[in-house]
Amino acid sequence: MDSKSIPLLEMVEISKAFYGTQALDKANLVVNKGEVHGLVGENGAGKSTLIKILAGAEIKDSGQIFFKGEEVDFKNPLSALHAGIAVIYQELNLAPNMRVCENIFLGHEPTSDRWKMKFDLSKMKKLAKARLEEIGTDINPMSFVFSLNTSEQQIIEIARALETNADIIVMDEPTSALSSKEVEKLFNIIRELKATGKTIIYISHRLEELIEISDNITVLRDGRTIDTVKTEEATIPKIARMMVGDSLKEEKKKTVKTNFSDKILEVKNLSRSLPVGQNFQDISFSLHSGEILGITGLMGAGKTELARILFGIDPFKNGQIFLNNKPIKPKSSTDALKLGIGLVPEDRQRQGLLANRPLIENLSICSLDLLSNLGVLVKKKAYKKCNNIISQLDIKTSGIGQIVSVLSGGNQQKVVVGKWLIKNMQVIIFDEPTRGIDVGAKPKIHNIIRRLADEGVGIILISFEIPEICRICDSVLVLYKGEVTGKFFYPNVKEKDIFSSVLGNKV
Amino acid sequence: MQKKQNGFKPYLEKISRIPGLWMALIFIVILISIINPSFFTTNNLLNVARQLSIKGILSLGMLLVILSGEIDLSVGAVLCITGLFTAAAQNAGLNLFYSILISLGAGALIGLFMGVLVVKRNLPSFIISLAVMIVLRGYAMIFSKGEPAITGLYNSFMVVGQGSILGIPNPVIIFIVVTIIFHFLLSSTSFGAKIYATGSNKEAAIFSGIKTDNIKIWIFIVMGITSALAGLILTARLGAADSKMGNLYELDAIAAVIIGGTLFSGGVGSVSKILPGIIILGLLPNVLNLFEVSPYFQYHARGLIIIIAYLLNTQKIHLKRKQKLNISTS
Chain A
1 MDSKSIPLLE
11 MVEISKAFYG
21 TQALDKANLV
31 VNKGEVHGLV
41 GENGAGKSTL
51 IKILAGAEIK
61 DSGQIFFKGE
71 EVDFKNPLSA
81 LHAGIAVIYQ
91 ELNLAPNMRV
101 CENIFLGHEP
111 TSDRWKMKFD
121 LSKMKKLAKA
131 RLEEIGTDIN
141 PMSFVFSLNT
151 SEQQIIEIAR
161 ALETNADIIV
171 MDEPTSALSS
181 KEVEKLFNII
191 RELKATGKTI
201 IYISHRLEEL
211 IEISDNITVL
221 RDGRTIDTVK
231 TEEATIPKIA
241 RMMVGDSLKE
251 EKKKTVKTNF
261 SDKILEVKNL
271 SRSLPVGQNF
281 QDISFSLHSG
291 EILGITGLMG
301 AGKTELARIL
311 FGIDPFKNGQ
321 IFLNNKPIKP
331 KSSTDALKLG
341 IGLVPEDRQR
351 QGLLANRPLI
361 ENLSICSLDL
371 LSNLGVLVKK
381 KAYKKCNNII
391 SQLDIKTSGI
401 GQIVSVLSGG
411 NQQKVVVGKW
421 LIKNMQVIIF
431 DEPTRGIDVG
441 AKPKIHNIIR
451 RLADEGVGII
461 LISFEIPEIC
471 RICDSVLVLY
481 KGEVTGKFFY
491 PNVKEKDIFS
501 SVLGNKV
Chain B
1 MQKKQNGFKP
11 YLEKISRIPG
21 LWMALIFIVI
31 LISIINPSFF
41 TTNNLLNVAR
51 QLSIKGILSL
61 GMLLVILSGE
71 IDLSVGAVLC
81 ITGLFTAAAQ
91 NAGLNLFYSI
101 LISLGAGALI
111 GLFMGVLVVK
121 RNLPSFIISL
131 AVMIVLRGYA
141 MIFSKGEPAI
151 TGLYNSFMVV
161 GQGSILGIPN
171 PVIIFIVVTI
181 IFHFLLSSTS
191 FGAKIYATGS
201 NKEAAIFSGI
211 KTDNIKIWIF
221 IVMGITSALA
231 GLILTARLGA
241 ADSKMGNLYE
251 LDAIAAVIIG
261 GTLFSGGVGS
271 VSKILPGIII
281 LGLLPNVLNL
291 FEVSPYFQYH
301 ARGLIIIIAY
311 LLNTQKIHLK
321 RKQKLNISTS
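If you're matching them up, the sequences are chains A and B in order. Taking this note's numbering, the leading residue of the first sequence gets 1, the next gets one more, and so forth. Taking this note's numbering, the leading residue of the second sequence gets 1, the next gets one more, and so forth.
One or more of the hints may lead you astray.
[As the list claims (entries may be wrong)] Label pairs and their calculated CB-CB ranges: (1) A:507 <-> B:126: 50 to 58 Å; (2) B:123 <-> A:133: 52 to 60 Å; (3) B:126 <-> A:77: 45 to 53 Å.
[Claimed, not checked] Straight-line C-alpha distance at most 25 Å; calculated SDA-like pairs for lysine to any residue: (4) A:423 <-> A:440; (5) B:211 <-> A:332; (6) B:211 <-> A:376; (7) A:338 <-> B:189; (8) A:381 <-> B:134; (9) A:379 <-> B:206; (10) B:211 <-> A:446; (11) A:317 <-> B:121; (12) A:380 <-> B:41; (13) B:202 <-> A:350; (14) A:123 <-> A:145; (15) A:338 <-> A:315; (16) B:120 <-> B:134; (17) B:273 <-> A:263; (18) A:379 <-> B:185; (19) B:202 <-> A:334; (20) B:202 <-> A:405; (21) A:317 <-> B:313; (22) A:423 <-> B:120; (23) B:273 <-> A:145; (24) B:273 <-> A:405; (25) B:211 <-> A:358; (26) A:263 <-> A:329; (27) A:331 <-> B:134; (28) B:120 <-> A:274; (29) A:338 <-> B:185; (30) B:120 <-> A:332.
Simulated from the structure, these hints should not be mistaken for lab results. Think of the CB as a built atom: it goes at the ideal place given N, C-alpha and C, for glycine as much as any other residue.
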């Protein structure tokens, strides 16, 4: 058999679950030698988990990995490294207070004595310089890493990967902190590496870059591999479509209201300009009581940043927010709560749950003032309300004293939603509420949202999944790189149009 | 016949639910009483109780601090400086009420100072409280002007530390009252719920509308007042205040909290769980004394207990993930 026809790397039906989330669900990845293979998917799609399993940093639950035609099972990162798989993580794993050459040889430094104890600094300097020149950079091998900028540090990471004789170099979101010039420089290096027979796996959410640099692109969504396409046959819309989902036939569209009476929330010319995160300008929209407004867009559109401002966690300088026609400026989440605005956050483990506390505490945490009398908790009331929520949302638990970390992902998400149901909220923002939940549980969350809307709550649903948006939203706001590119109202909530706005085409 | 069998099983079940540390304490007490009957006399027990009250009060305050995710190394130093303040105030002729108030106020202010630094400047509480501890110790030496001790306290004041009501020493009464207050605070108030939330997951607490900054500042203030209270009691008991009071007390306070199964990162722990820890550590000098063991061995014993208790607790956490807390909803 011709060795060229066997893929260099085959990851077959890889599954991995963490406490409460199915991160990967029989995902596949096939990479051929000498190619630049793009790996793409929205937040939570499973890209990082897949790569960590490849690199030996995580252990898969099931599935097989074949490298150079043989089955492998990396139990730790060192074995993957020795096999020839190097990963350059987004956060960069360099020792900033050590020199460039020391970093390049970290772990396998050349020694100058018989007992292999003394590092040979001049040899490291010489070899590092040669390696760096090979890549095409003039970085001084004796410089300290903290004095280099991100682009330069990345090059050092590449040099380090080459020094380990890696066959596959994985780059995880390499361009998120680079200028366009530096991106070009990186691409040239990647092309050089390709010419010398190296294989690159390139993870990015920037579709334009993937089209430019990759040979094939694999799309992940919800822990599953959707498809692998040849880049020359792919277009940005085609890839984005795979990322944000095709219409699921199972759920039928519910009847949607068209007459909304009370305007609950109005946002006028809201803008944000901070050094970190996506900025946006001139965002305006309104939300009525009982309305479900969807906010959608690709990663980096500014959706979560908008949610944080509405919830008072981040400040805003320009623009106005009106709640029931009164101007508001929530300066903290406490303010937002008092005003009746709630947020079901994106990252339920980090931002939504008190993992080592019991269910009752998690559910009652947003309504302490309602459940207490002059600061003293009225436990009977708390138990009653919490049991109410548990049966209302059908949370599967062994009791209100259950520590929430052992609940399943879907049930955990119900807890994160449930804590906003004890008090009567005016507006609830849901940020990617069905992420990491298996397909069967998603409709349950949707039903909860629908029911809330029927009770008169104003809902904002943030999701990158367009079919989900179309299925339950009454109106849709589309963001693209911080700008509003489309506003849609029932019955003109059509996937095709929304999708076009998501890609940046203004309506 | 059947009734007797049924009556026995639930009994066993109830016993198995008692947390391990209480069991260890009961076991130790029984063991010691058998070996040395003079331990289980009223006199000796009251003595033990009086000894552990001051450190016990500090431990209760420390529980709040650690539950919220912070630490306070300055408690011994605050105890000392506030004791010196009240002694100096009494010597200066200030009346009893104000000389007590000055101490409590100073403790509160020191706590406020630390809390604000930790929260607003995002500085690690370990470093801040360590620095405050060192500064206060130095200040204590200056304040007492190198004199061995400040005496001349009011009799009405010394009653607090040396008197008793119905046979129970006053320090013990105060300790019991503080225990009840803190237990109530943690288990039945919204403030307590916010403390647990802040310690369990600060970010999630913020996302639930809790002002975690305020919670932490208040906790440091409470810790300061608690340390001052301990300082008042110790000064009253000794009948004098000196610059070496409360030396290393913070270590015992932290030890009792940790032995009691409190997660060092915060969010898990309770008053009822640290009580046996306070008592066991408080028993130690008495026990070693009764067995005529060198008092220097105390440190070894303390260290050993901390390590063993911590290891056992972490084992339990692995098992407890699958269990639930016992909450009756009737």
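For each hint, the structure was consulted:
1. A:507 <-> B:126: 50 to 58 Å: Holds - the Cβ-Cβ distance for residue 507 of chain A and residue 126 of chain B, about 55 Å, lies within 50 to 58 Å.
2. B:123 <-> A:133: 52 to 60 Å: violated (45 Å)
3. B:126 <-> A:77: 45 to 53 Å: violated (31 Å)
4. A:423 <-> A:440: violated (28 Å)
5. B:211 <-> A:332: holds (8 Å)
6. B:211 <-> A:376: Within the cut-off at roughly 18 Å; holds.
7. A:338 <-> B:189: holds (19 Å)
8. A:381 <-> B:134: violated (47 Å)
9. A:379 <-> B:206: Holds, at about 23 Å.
10. B:211 <-> A:446: Roughly 31 Å separates the two Cα atoms, so the pair is violated.
11. A:317 <-> B:121: Distance of about 23 Å is within 25 Å: holds.
12. A:380 <-> B:41: Violated: residue 380 of chain A and residue 41 of chain B sit about 43 Å apart, past 25 Å.
13. B:202 <-> A:350: At roughly 9 Å apart (the allowed maximum being 25 Å), residue 350 of chain A and residue 202 of chain B satisfy the hint.
14. A:123 <-> A:145: Within the cut-off at roughly 19 Å; holds.
15. A:338 <-> A:315: holds (17 Å)
16. B:120 <-> B:134: holds (22 Å)
17. B:273 <-> A:263: Roughly 51 Å separates the two Cα atoms, so the pair is violated.
18. A:379 <-> B:185: holds (14 Å)
19. B:202 <-> A:334: holds (14 Å)
20. B:202 <-> A:405: Judged against 25 Å, a Cα distance of about 16 Å means the pair holds.
21. A:317 <-> B:313: Not satisfied, since the Cα-Cα distance of roughly 49 Å exceeds 25 Å.
22. A:423 <-> B:120: With a Cα-Cα distance of about 30 Å, the restraint between residue 423 of chain A and residue 120 of chain B is violated, given a limit of 25 Å.
23. B:273 <-> A:145: Violated, because 48 Å separates the two Cα atoms, which is more than 25 Å.
24. B:273 <-> A:405: holds (22 Å)
25. B:211 <-> A:358: With Cα atoms ~21 Å apart, residue 211 of chain B and residue 358 of chain A stay inside 25 Å; holds.
26. A:263 <-> A:329: With a Cα-Cα distance of about 17 Å, the restraint between residue 263 of chain A and residue 329 of chain A holds, given a limit of 25 Å.
27. A:331 <-> B:134: violated (37 Å)
28. B:120 <-> A:274: Roughly 20 Å between the alpha carbons, so the hint for residue 120 of chain B and residue 274 of chain A holds.
29. A:338 <-> B:185: Since the Cα atoms of residue 338 of chain A and residue 185 of chain B sit roughly 24 Å apart, the hinted pair holds (cutoff 25 Å).
30. B:120 <-> A:332: holds (15 Å)
Taken one by one, the earlier hints fail for this structure at numbers 2, 3, 4, 8, 10, 12, 17, 21, 22, 23, 27, listed in ascending order.
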